[in-house]
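Line by line, the protein sequences are chains A and B.
Quick note: the first sequence uses the numbering used here, first residue 1, plus one each step.
Quick note: the second sequence uses the numbering used here, first residue 1, plus one each step.
Some hints here could point you the wrong way.
[Claimed, not checked] Below are the SDA-like pairs computed for lysine to any residue, each with C-alpha atoms no more than 20 Å apart in a straight line: (1) Lys57(B) - Thr52(A); (2) Lys388(B) - Asp63(A); (3) Lys50(B) - Thr52(A); (4) Lys410(B) - Leu37(A); (5) Lys114(B) - Ile213(B).
[Unchecked claim] Covered stretches of chain B, going by a simulated chain A footprint (3 or more residues, C-beta under 8 Å): (6) 319 to 333; (7) 378 to 385.
Hints in this document: simulated from the structure, not taken from any laboratory.
Here a beta-carbon is modelled for each residue, glycine too, at the ideal position from N, C-alpha and C.
Each chain, letter by letter, is given below.
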Amino acid sequence: MSENNENWLEVSDESGIEVEDIVRFDHDNKTYCIYKLEDGYYATDGLCTHETVHLEDGLVIDDEIECPMHQGIFKIKTGEAISPPACVDLKTYPVKVDNGKIFISIS
Amino acid sequence: MSSSKKISILGAGQAAAYAASEIRKHDKASRITIFSEENYLPYERPPLSKDNITGKKNFEELSFFSNDFYNTNNIQIENQAVEKVDFEKKILITNDSKSQTYDSLLIATGSKNKKLNFGENNKDINNGILYLRNIDDSKKIKKAIQTHNRFAIVGGGFIGLEIASSIAQLGKIAHVIEMGSQLMGRVIPQKIASLVLDYHEKNGNSIFLNSNILSIKKTNNEYQIDLNNNNQINVDFIIAGIGSIANVDLFENTSLKLDNGIVIDEFCRTSVEDVFAAGDVANFFHPFYGTQMRLESYQHAQNHGIAAAKNILGLNSPYIEIPWMWSDQFDLNLQLVGICNDFDQEIQRGDMLEEGIIYFFLKNKKIIGACGIGIAGKVGRDIRLAGKISESNIEIKIEELKNTEIKLNKLLKK
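For reference, chain A alone in the conformation it holds in the complex (with noise of 0.2 Å):
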């Protein structure tokens, strides 16, 4: 299961998880957000730099987040934020899928 030395932690299932749909995943005291986008799965930091907010429940458009809060945008690629009140990006991390699986690394 590993690759190199990056640690894959597993997430969830695939099943039911449709294009939009946000992931939260927490591990170690953190937490992060996993999405499902057209051309695949992405995932950033789970709260929102503007405020503690879980980004969980934002809204998908395209490849953006919304935060649910204060609407504050980011892209979910790259974790750059685009619109305020957000001006801080979110980092991201590698996501694969292996056997109907989700993976996210956070090393």
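Got chain A sorted already, so can you dock chain B onto it with the hints?
Chain B only, in chain A's frame:
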């Protein structure tokens, strides 16, 4: 594009800052000057009633853009109040009696607080009332809360309630005095207003509805306030949030058309050629609703400023955004989208704050507005989708709206 077009911006709030930034994105050559009356770079206001008071955020963190940004983008900020505008000669006269010409003018002077007046005999009471508009006001309120315990909040609107929430979070007490039969005016559904009232009371504040101040006495360092329903409260400070009016004093008796603010069309154009307006000060025509309106919200100030910039540059960009605003009180997030009056049906979705509760306002089976409340981010997505559904003008099946098992983005895709 003229290489030395002079664009002057009157006002230095959010609409002004975003207008300047947007102009520079499209046009590297024009000269941009912002006329500011405050000694701060343009900054955001929402934290002034919340995180700045509770100490979660510093006053230094509020600027939209840094000094570097304005320098790098050649946006001049003049710390001068403008005393007069000569629309015919296209001249601004600043309070140091200097004249500055402009080619295009954007008026973004915002709104100002309505003030309480307890009469000529109560001048020192009048002068002691605290209001919230800017950083200096917020600092005064913060200091008062640090050193005192009891506060009267006159006005049960968003500002008054957000301050009351901050007061309670700091372990002090706010007594909210509201003349209406519910909090937050007629726009918020009664049921949501009641939930908010319960939350405030659960957190130690007291709310007086249908209440007016009959008399007020200041003795030593205390105010004794008598309300119309035999209630009496004693407080250390009075903070008022009783609404705002457009900041248009400078334009009275000029050729600029005024009516609840500066009257403009969907391209931000005023009645005077080459003069535009945006943000709180503007009473603009909204093509989607077919009516004039004036909005006071973060998103509107920002996006209206951006639209004005495009129109100043001749890019013909009608402003057709669906209105949206939020209010945070305690851990509750309340959001409003669209227009929430003139509806023929009201539909509820969800019934627990932990999952979010939303009321949709429909007219002819189409969503025209929605109001939701929930813990943290629970209503944001659906409110945002309500706005998109409203924009797309599609008819809705009531049962699908009510059913929380059905995701709202499915309704959009039909």
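Structure-based check of each hint:
Our distance criterion of 20 Å between C-alpha atoms is met by lysine 57(B) and threonine 52(A), whose separation comes to about 13 Å. Between lysine 388(B) and aspartate 63(A) the CA atoms are separated by roughly 17 Å; this keeps the pair inside 20 Å, and the hint holds. For the proposed pair lysine 50(B) and threonine 52(A), the alpha carbon gap of about 14 Å is at most 20 Å, so the pair holds. Between the alpha carbons of lysine 410(B) and leucine 37(A) the distance comes to roughly 16 Å, so the proposed pair stays at or under 20 Å and holds.
With a C-alpha separation of about 16 Å, the suggested pairing of lysine 114(B) with isoleucine 213(B) holds against the 20 Å cut-off. Taking a C-beta to C-beta cut-off of 8 Å, the region 319 to 333 of chain B contributes 4 residues in contact with chain A, enough for the three needed, and the coverage statement holds. Counting residues of the region 378 to 385 of chain B whose CB lies closer than 8 Å to any CB of chain A gives 6, so the stated coverage by that chain holds, three being the minimum.
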